[in-house]
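Engineer: Sequence:
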Amino acid sequence: MECSLLSKYLPAIEKLPKGEPLTKDQLMTEEFLISQGGDLDIYYAPHNEYINKDAKIVIVGITPGWSQMRIAFESFMKGLAAEKELNAILKETKKAASFSGGMRRNLISMLDQCGLYEALHIVGLIHFSSEIDRSFTPHLF
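Sequential numbering from 879 applies to the sequence shown in our numbering.
The hints are simulated quantities; they were obtained by calculation from the structure and are not laboratory data.
Any given hint could turn out to be false.
Stated by the list, open to error - FRET-style restraints, in silico, Cβ to Cβ: (1) K896 x E996: 43 to 49 Å; (2) M981 x I929: 17 to 23 Å; (3) E996 x Q914: 42 to 48 Å; (4) C992 x A959: 39 to 45 Å; (5) L918 x E898: 26 to 32 Å; (6) G915 x D990: 36 to 42 Å; (7) L994 x Q914: 33 to 39 Å; (8) E996 x G897: 40 to 46 Å; (9) H999 x A890: 15 to 21 Å; (10) D932 x Q904: 17 to 23 Å; (11) I937 x E909: 16 to 22 Å; (12) L964 x I935: 22 to 28 Å; (13) P899 x C992: 19 to 25 Å; (14) I935 x E908: 35 to 41 Å.
By construction, the Cβ of each residue, glycine as well, lies at the ideal position given by its N, Cα and C atoms.
Sequences and hints are given; from them, build the entire structure.
Structural biologist: Structure representation (structure tokens):
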């Protein structure tokens, strides 16, 4: 699997403290800064390295917030510590972090209310910087 930015940021990720919640001071640093302009800073987060090529729907967000960034790093580091295969780590990281929390629940609820899945006759996976198995009810997210 080709990882577009991971190889660049992996050495910095490996230096982060393990087994404890990460802070903005640890992640929103020069080491993870991708771009800066005016009042906007863009930082790397490992959740966008995995792409579900079997997705039936793709929903793209503009950028993760702080919570999603933290979750992505912590999930990725947990996978590294467990010595899992890289593709599995990236998949789990995307699933854990993308549109996580209330954002994911609200988005799924809106899509359900619109009848998108029924209209497109979809029962499979969604890829919206995460993947969701639609055989589960939205209340589980």
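Engineer: Hint by hint, say whether it matches the structure.
Structural biologist: Do the hints match the structure? See the list:
1. Between K896 and E996, the C-beta spacing of about 44 Å keeps the proposed range 43 to 49 Å intact.
2. At roughly 20 Å, the beta-carbon separation of M981 and I929 lies within the given 17 to 23 Å, and the hint holds.
3. The hinted range of 42 to 48 Å is satisfied by E996 and Q914, whose Cβ atoms lie roughly 44 Å apart.
4. A hinted range of 39 to 45 Å for the beta carbons of C992 and A959 is consistent with their spacing of about 40 Å.
5. Taken as a hint, the range 26 to 32 Å holds for the pair L918 and E898, whose Cβ atoms sit roughly 29 Å apart.
6. In this structure, G915 and D990 meet the distance hint of 36 to 42 Å, their C-beta atoms being roughly 37 Å apart.
7. Our hint of 33 to 39 Å for L994 and Q914 holds, since their Cβ atoms are close to 37 Å apart.
8. Against the hinted window of 40 to 46 Å, the Cβ-Cβ separation of E996 and G897 comes to about 44 Å, which satisfies the hint.
9. Against the hinted window of 15 to 21 Å, the Cβ-Cβ separation of H999 and A890 comes to about 44 Å, which falls outside the hint.
10. A hinted range of 17 to 23 Å is violated for the C-beta pair D932 and Q904, which are about 34 Å apart.
11. Hint check: I937 to E909, Cβ distance near 30 Å, so the stated range 16 to 22 Å is violated.
12. Taking 22 to 28 Å as the suggested C-beta distance range, the pair L964 and I935 conforms, at roughly 26 Å.
13. As the Cβ distance of P899 to C992 is approximately 36 Å, the hint placing it in 19 to 25 Å is violated.
14. In this structure, I935 and E908 meet the distance hint of 35 to 41 Å, their C-beta atoms being roughly 36 Å apart.
Hint violations for this structure: numbers 9, 10, 11 and 13, all remaining hints satisfied.
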